[in-house]
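**Q** Line by line, the protein sequences give chains A and B.
Every position in the first sequence, counted from 1, becomes a number in the numbering used here once 1040 is added.
Every position in the second sequence, counted from 1, becomes a number in the numbering used here once 54 is added.
Hint data in this document are derived by calculation from the structure and do not stem from the laboratory.
Please note: incorrect hints may appear among the correct ones.
Calculated lysine to aspartate or glutamate pairs in the DMTMM-like style (CA-CA distance at most 20 angstroms, straight line) [said to hold, decoys possible]: (1) A/K1342 with B/D251; (2) A/K1277 with A/E1213; (3) A/K1277 with A/D1328; (4) A/K1330 with B/E299; (5) A/K1342 with A/E1213; (6) A/K1342 with A/E1216.
Coverage of chain A stretches by chain B, computed from C-beta distances (three or more under 8 angstroms per stretch; other residues unrestricted) [stated by the list, open to error]: (7) 1087-1098; (8) 1143-1153; (9) 1223-1235; (10) 1268-1277; (11) 1306-1314; (12) 1325-1331.
Here are some, though not all, of the chain B residues that point toward chain A, as calculated from beta-carbon distances under 10 angstroms [unchecked claim]: (13) I213; (14) F220; (15) A267.
Every residue, glycine too, gets a C-beta built ideally from N, C-alpha and C.
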Amino acid sequence: MITGQFAAMFAAMVIAATPLIYAALGELVVERAGVLNLGVEGMMLMGALTAFAVGSLTGSLALAYAAAALAGVMMALLFGVLTLTLQANQVATGLALTLFGIGLSAFLGRDFAGMPLHGIEPLRIPVLSKLPVVGPLLLHYDLAVYGSLLLYAVIAYVLPRTRAGLLLRAVGESPEIAHALGHPVQAVRYLAVLFGGATSGIAGAYLSTALTPMWVESMSAGRGWIALALVVFATWKPLRVLLGAYLFGGVTVLQLHAQGLGIHVPSELLSMLPYAATIVVLVLICRDPKTILLNQPASLGKPFHPDA
Amino acid sequence: MMKPLLRLERRAEPSRVMRLAAPLVAVLAMLLTGGLVFALLGQPPLHALELFFVEPLTSTYGIGELLLKATPLGLCALGLAIGFRANVWNIGAEGQFTLGAVCGGGVALFAADALGPLALPAMLLAGILGGMAWAAIPAYLRTRFNTSEILVSLMLVYIAQLLLSFLLHGSWRDPAGFNFPQSRAFDDRLLLPLLADGQRASVAVLFTLVLAALAWVFSSRLFAGYRMLVAGQAPAAAAYAGFSERGNVWLALLISGGAAGLAGICEVAGPIGRLQPTISPGYGFAAIIVAFVGRLHPVGVLLASLLMSLLYIGGETVQLELQLPAAITGMFQGALLFYLLAADLFVGFRLRRATT
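Construct the entire structure; sequences and hints are all you get.
**A** Okay, here's the thing in structure tokens:
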């Protein structure tokens, strides 16, 4: 059954891309506000652990996702206080957030390590998912997958077309001018950072409840960093984040299905694919310095304090 | 609306006192947090803290372990600090460490007989070159294609670890090793001599001291070091003076990559004695924290590497004695860096009572 195998690979691609979409879209909003948060990996891990813990204790997937988003927000708040209020270096603080998240999640998650997640059914669209052809291909995913598309639609609308989106971009391009015009730069940046925390937490929740329903130390395996690379690859544009994430999902699936397709390469080499692909796409997109200069938010990573 | 009682005021000049006091404040805050965490876990905090931070220092063996773990941290962090001063963010020291171990270990496994007495120096050299080669990739891509060295060096960590695993599951596996994915043990003559009997630290400790001295000379006495400092603190001035950004990026990455590679080979030609899938408990990442806590200064980095080493050993001690998870170390590490970054606010700013 060729169609069967294709459908399986397509589904696997969509599922592998979903956590990347959440994390990268959130980081895109953060960076469009002029803040570089390298702590995505750490926030994802805390989200993954929280979702697993809450999911296995309460049996409720909705609670698990909500708790994971909250965990991501708490981590992001830490980052916000340090970089926005206390003016710490964003690169160093982001790295610290990742290292802290890895350590804290490993520490708190010791009782859950290796346990499978029981009794949680993925939420699916009723009735429609039973349709022939379209059903299995497009309509049988869990709700988080459609949530990621909804998130994309909202961001793709709000950023260019609303007053709030304009304010966010203004803060990212020139916080000094936005401040001089009386806009609350700090508040906008805080909200953006917390939003990025929530989506990273949800991305983590997807890992530990849907992609591989269990908790393992450092289970995000660099996906937070790949999400960061995706934002650059997408030149800070939401649609390209979406496409880039599916491209990466495809690479991951290629790695899983290579044996089935008759490609005999040792598994370790295949596992290198997503990381190598990240480097390759970064090179392709950054090759022309104008691409980055024209698209990167002008104040990205630069501290701004209204009192100083 | 209520006015805040305090407000931040930028200092005319960064405070030198606060620059040195900030790490101490951060360590104190970390100890307080640690005590709180121990208390929450139902342990008497003072006893647990004593087990964690004092107990390891009370024996010769303990001191040896302290130096043993401080060595890879110090080697990696000394190199990283040079780059961080120039705003070159190599965060892939863990990968360069792994490549150093792979290249040096390859010499030990396949060329040791041919090299005779030169085998050990050749291993060290191969380790340094391996680390440099791995760091050269982000350097080349950054200078040629403008890609972020942060992301590239980090991706290469995963690739390096998979490469090591690939070799150990394939042609480098010990045929007599019951199918474990590890190489055969290195001959005794291929291992670094120990500093003293009764402990495990090797002469790699001395390499760290030498590298610290070289790093000090480089950053405070050589023009190349000065150029990097200017590039880090005042990029516009560096560009105006015509200092080459490319040169800085290459230099920073080659130095830090070589140092991390040396750390890697010293680890497998030292306490480990063979190649195996896991050769580091995250030394390359912890070294980032060491570099910052050490204020990017060679002497500070040496002290910070001892502290970080103590965090690793303390984590193992409380695991053995109190059955607490060793992952507590990672949490301490992250918290330490947070407190430091927060305390750094007071280097550039002071608190003033708000006047209305």
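**Q** What hints, given by number in increasing order, does this structure fail?
**A** Numbers 1, 7, 9, 15, in rising order.
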